[in-house]
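> As given, the protein sequences belong to chains F and R, one line each in that order.
Start counting at 1 in the first sequence, then tack on 58, and there's your number in the working numbering.
Start counting at 1 in the second sequence, then tack on 1, and there's your number in the working numbering.
Just so you know, these hints were derived from the structure itself, not from any lab.
A quick note: this is a predicted structure, and the numbers were derived from the prediction, not measured.
It cannot be assumed that every hint is accurate.
[Said to hold, decoys possible] Calculated pairs, DMTMM-like style, for lysine to aspartate or glutamate (alpha carbon to alpha carbon, straight line, at most 25 Å):
#1 R:LYS68 x F:ASP84
#2 R:LYS68 x F:ASP86
#3 R:LYS379 x F:ASP83
#4 R:LYS109 x R:GLU99
#5 R:LYS68 x R:GLU158
#6 R:LYS109 x R:ASP164
#7 R:LYS316 x R:GLU99
#8 R:LYS39 x R:GLU98
#9 R:LYS39 x R:GLU158
#10 R:LYS39 x R:ASP164
#11 R:LYS296 x R:GLU66
#12 R:LYS160 x F:ASP61
#13 R:LYS379 x R:GLU440
#14 R:LYS39 x F:ASP61
#15 R:LYS68 x R:GLU335
#16 R:LYS103 x R:GLU171
#17 R:LYS68 x F:ASP87
#18 R:LYS109 x R:GLU66
#19 R:LYS68 x F:ASP61
#20 R:LYS379 x R:GLU99
#21 R:LYS160 x R:GLU171
#22 R:LYS296 x F:ASP61
#23 R:LYS103 x R:GLU335
#24 R:LYS39 x R:ASP95
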Amino acid sequence: MVDLLALFVPHFVMAIAVWRLVSRDDLDDDPALPRKPARHDADKTP
Amino acid sequence: MTNLALTAFVFAFFLAGFRRPFLLVLAYAYIDIVSPQKIGWGPLGSLSISLVAFVLCVLMWAAREDKSGIRITSRQGLMVLLLIYCGITTIGADFPEEAAAKWDWVWKALVFACFLPLTLRTRLRIEAMVLIMVVGVATITIDGAVKTLLGGGGYGELKLLVDDNTGLYEGSIISTVAICTIPMAFWLASHGTIFRPSWMVRLFAIGVVFSAILMPVGTQARTGLICVGVLGVLKLRSTKRRALYLMMIGAGALIAVPLLPASFTERMGTISNHQSDQSASTRVAVWNWTMDFAKTHPFGGGFDAFLQDTISYDKVVTSSDGKNTPVGTEHILEHGRAYHSSYFEMLGEQGYPGLGLWLLLHILGVVQMERIRRRYNKNPPEHMEWISPLADALQQAQIVYLFGGAFVGIAFQPFCYMLVGLQCGLAAYVGRLDEAAAEARRIERLIRRPVVAPPPEPLIPVRHPNAAGPLLGDESVPVQPQPTRLIG
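Based on the provided sequences and hints, a complete structural model is requested.
Shown next, in the form of structure tokens:
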């Protein structure tokens, strides 16, 4: 029972964290850093 | 049911990673810390799930991740050197089979630590990594803490989720690592964006910290108590209200000490009187053996070189008959005792070059975090208030590890290399911020530069193609307007 509780609580927290991370844009693009130009924009540059 | 749930959790983590590749890095960290394959059965137990996660996260990073602006820090270079050096000592190890078995997980820990900073490109990624490390360790400590409170603790008796006394499930190691996570948990509670600061987040963080502090009590690992003391001193520097902090520590100790089990206080008493304790006496004897071994093997004996040690020491024995307590000594002879110290582990296995590289790696980490901490401590730029406290937390975690590591062999513990990787990632992130700030300043200078009209070109008199005409630009001769001749 103790093992189950100890497993459930942190895994529940990690599951919510992963769920939230999936939909966060700033996971890949940091707002404090210059954005990488989009591929189609980069292709247009001579 | 538990096994099924754990398996589903791991595979859901992997699936999320196919959508956002960085999540596979977190999945690997989770597997390395919690070891769900040890807890569960079925696919997780039979599959080398850790290797699968590692290969997946590297492949996905290579295929889909942005690699622009990657910064390689000097400490990553040191880890590569250490990896190569360990590989060489493994080839010539005194115990090839045992060395190969240890090398099998050491190389992964080192390669992942080198790789991790390349993926930590954003603040959110750094935070997510801290979160997985703290909550992953909390999976073990919450279990241990609840069992300790229910009276299930004791030296070598506390069962942590699995019947396996290796890795993070070993008493002294989990005690040290748990204390390392305390400053990181505090940072998450104050600066987190995945779980923004609220009463619930603070309550959970306090619970995690409490469970971590209970680990030395439950496992009765003296190393853990030393780590608690070191962290208590380090926190003095970062806390703003020192008097209140000291009062709280004093009040907490007054309440906690009478509640501690007698076996715990007796065992902690042997920290200052090691001669009456076999475990502590063994350590001192093994350390002496290692120093002698290094004289003849300056380049180390490879992984698990301790298997060839033979140590002898006199243990102080007291026996009371009610009136008298005679003190005697008992001669103990032992073979193949482990180092019980990360410093001696490095010295015995990797020799002086390995120990030097390892020390340099960690000392540079402490210095690097101190520089970042000081730089962003006062008047940090907008939205950068989190950097200094994180550098502080990572530095404290590392110092606790270095103190704890003096009494337990965790020189190659993967969690500690994740900590190093995290530090390298933070340093690289700060470097990218500097580059962005320098670029912004350059652009601003260009924009603000006043537009100056080009100076008029000097007028040089030249002869008009028509010889009869005046010199162009020669103002001394008034130009006669030509009469316009109308055609038609």
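> If any of the earlier hints don't hold here, list their numbers in rising order.
3, 5, 7, 11, 15, 19, 20, 22 and 24
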